[in-house]
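A.B. asks: From first to last, the protein sequence lines are chains U and H.
To convert, note that position 108 of the first sequence is 108 in our numbering; the numbers rise steadily by one, no gaps.
Counting the second sequence from 1 gives a position; our numbering is that position plus 1000.
One should not assume that every hint holds.
Stated by the list, open to error - Now the in silico label distances, taken between C-beta atoms and shown as ranges:
id, chain 1, residue 1, chain 2, residue 2, range
1, U, Val-5, H, Gly-1088, 48 to 58 Å
2, U, Phe-75, H, Gly-1090, 11 to 21 Å
3, U, Val-66, H, Trp-1055, 20 to 30 Å
4, U, Ala-3, H, Gly-1088, 55 to 65 Å
Just so you know, these hints were derived from the structure itself, not from any lab.
Being a predicted model, the structure only gives us computed values, none of them experimental.
Idealized CB from N, CA, C, for every residue including glycine.
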Amino acid sequence: MSAEVVQAIIFYFLAAMLVVSCAIVVFSYSIVNACFALLFTLLAVAGFYALLGADFLAVTQVVVYVGGILVLLLFGILLTSPLPVILGVATRRTYYLAVAAGAAVFALLVIIVRAFWAGQPAPAEQQSSLEALGTLLLGKYLFPFEFASLTLLAALIGAAYLVRRNDH
Amino acid sequence: MFPITLTHYLVAGAFLFAMGIVACIARRNAVGILIGIELILNAANVNLVAFARYWNNLDGEVFAIVVIILAACEAAVALAIIINLFRGFGTVEVDYASKLKE
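Next up, chain U with everything else stripped away, as it sits in the complex (with noise of 0.2 Å):
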């Protein structure tokens, strides 16, 4: 098998991981097994990372989406949702609107797509993007760099201040 082959059955799989998560994490009726569910899309997406080529990307995925972002969520399920998780999805009317805006949406992406960029072939195989990306993140990209993490600090801190109890 030529590695061609053998990445389009990689890409094919994680497709469908991705399909039939995304499909649990949407329609499921409870939120615990979205936020579940959203454990496998996030991974397929990981998968796609690192099959582009981004390894640092699909590890950053991992720990910050797995291990951060899905564990923050499943937090203020446990905080917030009284013990059976009714909830879920609004009335019949609004669920099948939402699902024609969807298929809607999809479906001009689709056409965009095939319009403009339909078939573009892989350059060559490339390296580990991982020095180039260094260099980058602290030459030419420095500032936006140290941005966002002054953002993140300031989000944190900011969240931590609206979550705090005001007892008196």
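For chain U, the structure is supplied; the task is to place chain H on it using the hints.
C.D. replies: For chain H alone, kept in the frame of chain U given last:
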């Protein structure tokens, strides 16, 4: 089918984006809406990284890292707001949280 081209990744990103939109509209739980927003941000990231690879330009990956950082900020602040919402209204169903202040 199989040389995997740029189009394949863009269609996968479009699917993620559409599913995020559906989650945002159909879910009534604030955490569910937050999950929808995470899906949308991931869709943007898939597109950025795919373009970075196929156009041999790493700027897209830097952009994707910034998006991940901002997604973390957004999740932290949004969950703080949701917990406050729960304290104020006793529920996180957004339909019931329609008052600004009593």
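A.B. asks: To test your reading of the hints: which numbers does this structure violate?
C.D. replies: Violated: none.
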